[in-house]
Amino acid sequence: AQSVTQLDSHVSVSEGTPVLLRCNYSSSYSPSLFWYVQHPNKGLQLLLKYTSAATLVKGINGFEAEFKKSETSFHLTKPSAHMSDAAEYFCVVTSSGTYKYIFGTGTRLKVLA
Amino acid sequence: DTAVSQTPKYLVTQMGNDKSIKCEQNLGHDTMYWYKQDSKKFLKIMFSYNNKELIINETVPNRFSPKSPDKAHLNLHINSLELGDSAVYFCASSQGGDRANEQFFGPGTRLTVL
Numbered sequence: 001a002q003s004v005t006q007l008d009s010h011v012s013v014s015e016g017t018p019v020l021l022r023c024n025y026s027s028s029y030s031p032s033l034f035w036y037v038q039h040p041n042k043g044l045q046l047l048l049k050y051t052s053a054a055t056l057v058k059g060i061n062g063f064e065a066e067f068k069k070s071e072t073s074f075h076l077t078k079p080s081a082h083m084s085d086a087a088e089y090f091c092v093v094t095s096s097g098t099y100k101y102i103f104g105t106g107t108r109l110k111v112l113a
Numbered sequence: 114d115t116a117v118s119q120t121p122k123y124l125v126t127q128m129g130n131d132k133s134i135k136c137e138q139n140l141g142h143d144t145m146y147w148y149k150q151d152s153k154k155f156l157k158i159m160f161s162y163n164n165k166e167l168i169i170n171e172t173v174p175n176r177f178s179p180k181s182p183d184k185a186h187l188n189l190h191i192n193s194l195e196l197g198d199s200a201v202y203f204c205a206s207s208q209g210g211d212r213a214n215e216q217f218f219g220p221g222t223r224l225t226v227l
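Chains as they are written, first to last, in the working numbering: chain C, 1 to 113; chain B, 114 to 227.
With the rest of the complex left out, here is chain C (with noise of 0.2 Å):
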């Protein structure tokens, strides 16, 4: 069986300071992990994914991930925050021969001025 936890539901930071958004997962197989970012009334965008490749990875405007086996976690970080990047973050764990995604409950990124 397959789980991921974001251990925050809200998470807010300054603008130009670092953010750390976390997800721990579970999973009987070698995951792939993902994070998506959903924008007010938007889509999900994906950020960046990991599939047993580079364990660091990056993605999009400046996010990156850092798949770590031996704690089970899949943490996003971003270097500076912009304000634009206040929005909704989705964990997603899958594995190999499933089409499902589950997704963990989101973390809402707060970025203050």
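Hints were generated in silico from the structure; no laboratory data involved. Heads up, some of the hints might be wrong.
To be verified - Below, in silico cross-link-like pairs of lysine-lysine (BS3-like), each with a Cα-Cα straight-line distance of 25 Å or less:
| # | chain 1 | residue 1 | chain 2 | residue 2 |
| --- | --- | --- | --- | --- |
| 1 | B | K180 | C | K58 |
| 2 | B | K165 | C | K110 |
| 3 | B | K135 | C | K68 |
| 4 | C | K110 | B | K153 |
| 5 | B | K153 | B | K184 |
| 6 | B | K122 | B | K149 |
| 7 | C | K42 | B | K154 |
| 8 | B | K132 | B | K180 |
| 9 | C | K110 | C | K69 |
| 10 | B | K135 | B | K149 |
| 11 | C | K100 | B | K135 |
Given the coordinates of chain C, work out where chain B should sit on it, guided by the hints.
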């Protein structure tokens, strides 16, 4: 050049009515999905079709029936709408079942049942 499109964007209707939401993708993908996002932003898969064949059917009331006339379309028909059906419904598509393949999402349809 929209990749995954949904119509309508907003749908307001009365309890007991029947309604449909349409989804089309122009990415040439062979797998399409319907997700429901509730008021707390939680996203859960409802259905998935691969080459017009149903491959995922989660615990969804029989009032919900997906229809895939071809690979590029996956419509969602809902009978006898209930208040609890109010949500945002997202369509998505991907190429094949490879776990590495990204799902592309449509803009969503906000359904409000009064």
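Hint check:
As the CA atoms of K180/B and K58/C are separated by approximately 37 Å, the hinted pair breaks the 25 Å bound. Among the hinted pairs, K165/B with K110/C is inconsistent with the structure: their alpha-carbon atoms are about 41 Å apart, more than 25 Å. Using a Cα cut-off of 25 Å, the hinted pair K135/B and K68/C is violated, with the two alpha carbons roughly 40 Å apart. At roughly 17 Å between alpha-carbon atoms, K110/C and K153/B fall within 25 Å of each other, so this suggested pair holds.
For the hint pairing K153/B with K184/B, the CA-to-CA distance comes to about 31 Å; that exceeds 25 Å, so the pair is violated. At roughly 14 Å between alpha-carbon atoms, K122/B and K149/B fall within 25 Å of each other, so this suggested pair holds. Restraint check for K42/C and K154/B: satisfied, since their Cα atoms lie roughly 12 Å apart, inside the 25 Å limit. Our distance criterion of 25 Å between C-alpha atoms is met by K132/B and K180/B, whose separation comes to about 13 Å.
For a cut-off of 25 Å, the pair hint linking K110/C to K69/C is broken: about 29 Å separates their Cα positions. Between K135/B and K149/B the alpha-carbon distance is near 14 Å, which keeps this suggested pair within the 25 Å criterion. Our distance criterion of 25 Å between C-alpha atoms is met by K100/C and K135/B, whose separation comes to about 21 Å.
This entry does not satisfy hints 1, 2, 3, 5 and 9, going by the numbered hints stated previously.
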